[in-house]
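Novice: Sequence:
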Amino acid sequence: MFLKRLEVIGFKSFADRIGIDFVPGVTAVVGPNGSGKSNVTDAIRWVLGEQSAKSLRGAKMEDVIFAGSDSRKPLNFAEVSLILDNEDERLPIPYNEVSVTRRVYRSGDSEYLLNKQQCRLKDITDLFLDSGLGKEAFSIISQGRVDEILNSRPDDRRSIFEEAAGVLKYKQRKKKAEHKLFETEDNLHRVLDILHELDNRIEPLKIQASAAADYLKMSKELKDIDIAVIVHDLRVLQQTLETIMRDKKQFTVTEQEHIHNMENKESQVASIRKQITKLDNLLDLSQHQLVEASSEVERWEGRKVLMAEKRHNASAQLEKLQQSLEKAQIAEREWHVQQVDKQEQLTIRQKTFQSLKKSVKQLEDNLNRSSTDIEKDIENWKNTYIDRLNEEATVKNEYKNITQQLEQQEQASFKITNQSSEMAEELTQLTKEQQVVESKLNDVKQQLEEKLAAYSACQLELASATKQFESKQDMLFKGYQHLQQLKSRKETLAELEADFSGFFHGVKEILVARENKKLSGIHGAVAELIQVSGEYTKALETALGAASQHIVTETQQDAQKAIAWLKEKRAGRATFLPKNVMKSRKISRDALGAAATHPSFINTADELATFDPTFKTIAENLLGNVLVAKDLQSATQIAKSCNYRYRVVTLDGDIVNAGGSLTGGSTKQQTSLFTRKAELEDLTGQLVQMQTKIEQAEKVVAEQKNFVSVKTVLLEDLRKQGEVLRDEEFELSGHYRELEATTKRLALRVTLVATEKEDATDRSSNLQESQISAKKRLKELTEELAEINTTIEQLNILKVQSETAQDALKEQYAEKRSELAVLQEQVTQLKQASEEVTVQYDKAKLEVNNISQEIKWLTNDESQNGPSDEEITANITTWQLKKTDLISTIATSKEERTQLQVTLDSCEVELKELQRVHKGLLDGLRNYDVKLSQLEFSKQALLDQLAEDYELSLDEARREVNEDIDVEISRRKVKLLKQSIIELGPVNLNAIEEFETVSERHTFLTDQRSDLMEAKETLHEAIREMDEEMSTRFNETFLKIREHFQVVFRELFGGGHADLQLVKPDDILETGIEIVAQPPGKKLQSLSLLSGGERALTAIALLFSILKTRPVPFCILDEVEAALDESNVTRYSQYLKKFSQETQFIVITHRKGTMEGADVLYGITMQESGVSKLVSVKLEQEEPVLVGQRSE
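In terms of full-length UniProt numbering, the sequence shown is numbered consecutively and its last residue is 1192.
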């Protein structure tokens, strides 16, 4: 299989479609820097399925599409096709020729085609899998891969060999397996935590489920009896209700009769009060009329006096008004005469003004009409003149620009002429510079050898120090892990302690209430107050049993308050030990003496516990009569010696009970209330010790790290100094080669300068022609402007003549305008004078009218409105008689009201007595209502109890129970059952179902634990197998590459020796790889100590060795020999030619030696800015044949 053809369109700088035909052997793609030759490599890499835009030297995948240039628009897609010869059927597809196409659009859409049929990326990847052409293979080698070998550390260099060995997929699988292992271990820890929690829950749940079953049984019995009692009570209540309702009905009849009597008396009182009210109203009216009569008498007497005075003053006032009237009438006639005169004058002036105004308008029209035509002609010619001026300015600017361009062109021609002489001087300078560079190069090589020796010595010291540092650091990390485990365990125990986990519900509620200061006198649970050493924990915990959760109080009253609080809160049950009433319990001296004779006897239980002396009585009461032995056999013997009167417990928790019964066996391992507190204290001590050890270890690690850092910095400085010297050597060598290339470029520039000079001459000729044309147009415009100016002057003369003839009209117009203004002022003054006279006339007229009205009123008032003396005397007599009658009526009404008031007081006393008696009757009725309400309430309460507690109506309850019961016995049974239920404490009715659920979950998680442990072991085994496979593959590949490397190195260098060494041979999975080489005539040394050219050639030798180990059908080499000198390039080219018998090579290069060894040359040029072109030459022909650009 080999690569036949590559077709590209729209990919990067290949704007037009190009086709490259490849032949077996070596094909070289050449071209200057920036011409786009490396885009050929990118195109092949892209069509083979590369998904990283960064690997294609772009930011995003759309960057591979041709982006346009100065003369071309961007394209909307890129397409690359790769055609392979598959006659050897190396690719698993039944075609002799395979075409792979990839296309991407600027919208982001992409397509893959296999033999012009659409397919997926996965199909392309699978096709090239294990063919040596995948992106993980060495089918494409760029200069970056050479730099990777040269500059990477031994550990980083390992990745190249792993890629060649094909172990990367195993490393990825191992990574996934380790991730699964971590998840499995995490899940296992979670399952174990949950199982531990379930172990703590399952026993209490079992007890709760048993209690729940008892509760349900007693609740059923309680329900049946309680319903029967309620039905009986309801029947009794109903009978009592009926009796009370009959009594209330009879009492209501009596109350109604009393209400009738009380209503009659209230009617009598209301009637009397109505009569009194009527008399009061009459008295108020009479009093008011009396006041009115008195006022009238006084008013008529006053008016009599007033009329006498008024007649005396009226005659004098009438004479005075008559004189004022005569004066006002004279003024009125004078102002009327002036008003008529002013109005006549105003009318005359207004007529004269309108006539003069018409004359002025006619003169104005005549003046305007005579000059309008001439002014229009002048304006039109002025506009034409301005247009020509604008055109003249534009042409002048063009002329100026052309002149400036001619000057610039002359300067450019002068500059081009000077460049030729400057180039000759530059060539001389380049020769001198080349001699200086050679001298510097020799000095740098000597300094580089000295730095390499110091680097090797420092490298050995650093390796030893690093090994010590890693060992101590591993120890420190283990310490961190242990510290974290201790902290986690302590936090867990602290949370359990703070939450009172493990205590019964009632005990827990009491302890929480104590912490919240809701209860006083609570010392705590026995498990909190008694401490036990490690070996006796099991024995004392067994001896105490549930008593470890008994609560110690200061007094019996404190215990009673706590019990009441539990009942009130319905928070469960607890046992209390009041200090002031508890008594000690001790074993008799005889029994203790008999037990002490046994060698396995330890002591009484209270002597093995530690507690505050104030709780000694409590401890002796609970533990004072319990003996402790080492084992069950000894305990049996001790119990027998004490006649089985006391309990004997063993260190394992077995019990010989009083009376001789035995209790023992195994229990599930879990943290007890006693050991939890002890473990917390022990963990605190361990944490302090561990923290101290870690701080010491951190200090040692920091010192060792500092030492390693110092050595690393020193080594890095030496490396950098060596790198600087190598770079300087490489740079000087490159500079020397550049000086040669620069000479060739100077010759090319001379040719380009000559071409530029010819172009400048042509441009100057064109500019001169444009300058002559602009100058001619300027002259024409100047002549047109002079003619237009003459025409405007003639029109102005005509306008002056016309204006002279109009002077007479203007003078007459001015006189008329002046006369019109005078008349307008006179009209305005006459209007104002007329208005003022009219105002004065109106005032005089109004004054005459007012005085006439006043005289008329005085005359009428005197003759008509004034009453006579006889009329005034008659009115006074009438009102005095009416006043006397009213005084008599008021006295009679007051006497009648006093008699009615006495009768009203008597009736009200009788009514109050009736109301008092009625109130008593109402109280009696209310008592009946209260009794009925109470009975109804009791009845409803019983009905509600039936509905709420048992969800039954009365009829349903009667059908369910037998009403013929002994009520008192039933009530006692109800009380006993309720007490028994209360003694059960809080019952978790879900405990039965929860116990079953937890048991099932416990079983399930136990199975899960087994599965996870099995999966963990399986993953460990899989990782071990992958490690073995990777070790085998890597070792086999490494040995093959090493063997080929030794041969290829000698062939490329013409002798010498090279080798690949494992940095850590014992750690094949992590070891780095060091390259050592001994070019002919030199000693064996590390790759980093070789010269730049030697290092590059060594790296190329390694790449060829890898290709020998993992052959590929074709290989693209992208400027891998860029760092080689000419002699090494020749060797490289010769070896490439030799190797091409097995592998087809496509070489991207600009080195002469490589080009000479190629079978076909393709040139990439960029004649058009931003667009790459293709030319090719087959070197085996006698004369080069220009193939040219393929545009299809």
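Hints are supplied without guarantee of correctness; some may be wrong.
[What the hints assert, rightly or not] Here are the simulated BS3-like cross-link-like pairs (lysine-lysine), alpha carbons at most 30 Å apart as the crow flies:
1. LYS919 - LYS248
2. LYS451 - LYS171
3. LYS1064 - LYS1083
4. LYS567 - LYS517
5. LYS174 - LYS1108
6. LYS451 - LYS1040
7. LYS396 - LYS415
8. LYS445 - LYS432
9. LYS567 - LYS220
10. LYS415 - LYS508
11. LYS705 - LYS720
12. LYS73 - LYS54
13. LYS569 - LYS206
14. LYS206 - LYS472
15. LYS174 - LYS478
16. LYS978 - LYS1040
17. LYS206 - LYS720
18. LYS630 - LYS640
19. LYS467 - LYS1064
20. LYS176 - LYS467
21. LYS699 - LYS174
22. LYS508 - LYS518
23. LYS931 - LYS912
24. LYS518 - LYS561
25. LYS171 - LYS894
26. LYS973 - LYS1040
27. LYS705 - LYS1064
28. LYS711 - LYS472
29. LYS180 - LYS206
30. LYS478 - LYS705
Calculated directly from the structure, the hints in this document are not laboratory data.
Novice: Checking one constraint from the list: CA of LYS206 to CA of LYS472, max 30 Å. Satisfied?
Specialist: violated (52 Å)
Novice: Sort out whether LYS912 lies within 30 Å of LYS931, counting only the CA atoms.
Specialist: Answer holds: LYS931 to LYS912 is near 29 Å, not above 30 Å.
Novice: Given the hint that LYS174 pairs with LYS1108, test it: the Cα-Cα distance must not exceed 30 Å.
Specialist: Distance of about 28 Å is within 30 Å: holds.
Novice: Is LYS415 close enough to LYS508, meaning Cα to Cα at most 30 Å?
Specialist: violated (103 Å)
Novice: Need the status of pair LYS919, LYS248: alpha-carbon distance at most 30 Å?
Specialist: holds (16 Å)
Novice: Would you check the hint for LYS508 and LYS518, treating anything up to 30 Å between C-alpha atoms as holding?
Specialist: Holds: LYS508 and LYS518 sit about 13 Å apart, inside 30 Å.
Novice: Check the hint pairing LYS978 with LYS1040 against an upper bound of 30 Å on the C-alpha distance.
Specialist: violated (91 Å)
Novice: Within a Cα-Cα threshold of 30 Å, do LYS567 and LYS517 meet the stated pairing?
Specialist: Holds, at about 18 Å.
Novice: Between LYS699 and LYS174, is the straight-line Cα distance small enough, at 30 Å or below?
Specialist: It is violated: about 35 Å lies between the C-alpha atoms, which goes past 30 Å.
Novice: Within a Cα-Cα threshold of 30 Å, do LYS567 and LYS220 meet the stated pairing?
Specialist: holds (23 Å)
Novice: With a cut-off of 30 Å on the C-alpha distance, tell me whether LYS180 and LYS206 pass.
Specialist: violated (37 Å)
Novice: Could you grab the alpha-carbon distance between LYS396 and LYS415 and see if it respects the 30 Å cut-off?
Specialist: Satisfied, since the Cα-Cα distance of roughly 29 Å is no more than 30 Å.
Violated hints, listed in ascending order, are 2, 6, 10, 14, 16, 17, 21, 25, 26, 29; each of the other numbered hints is respected by the structure.
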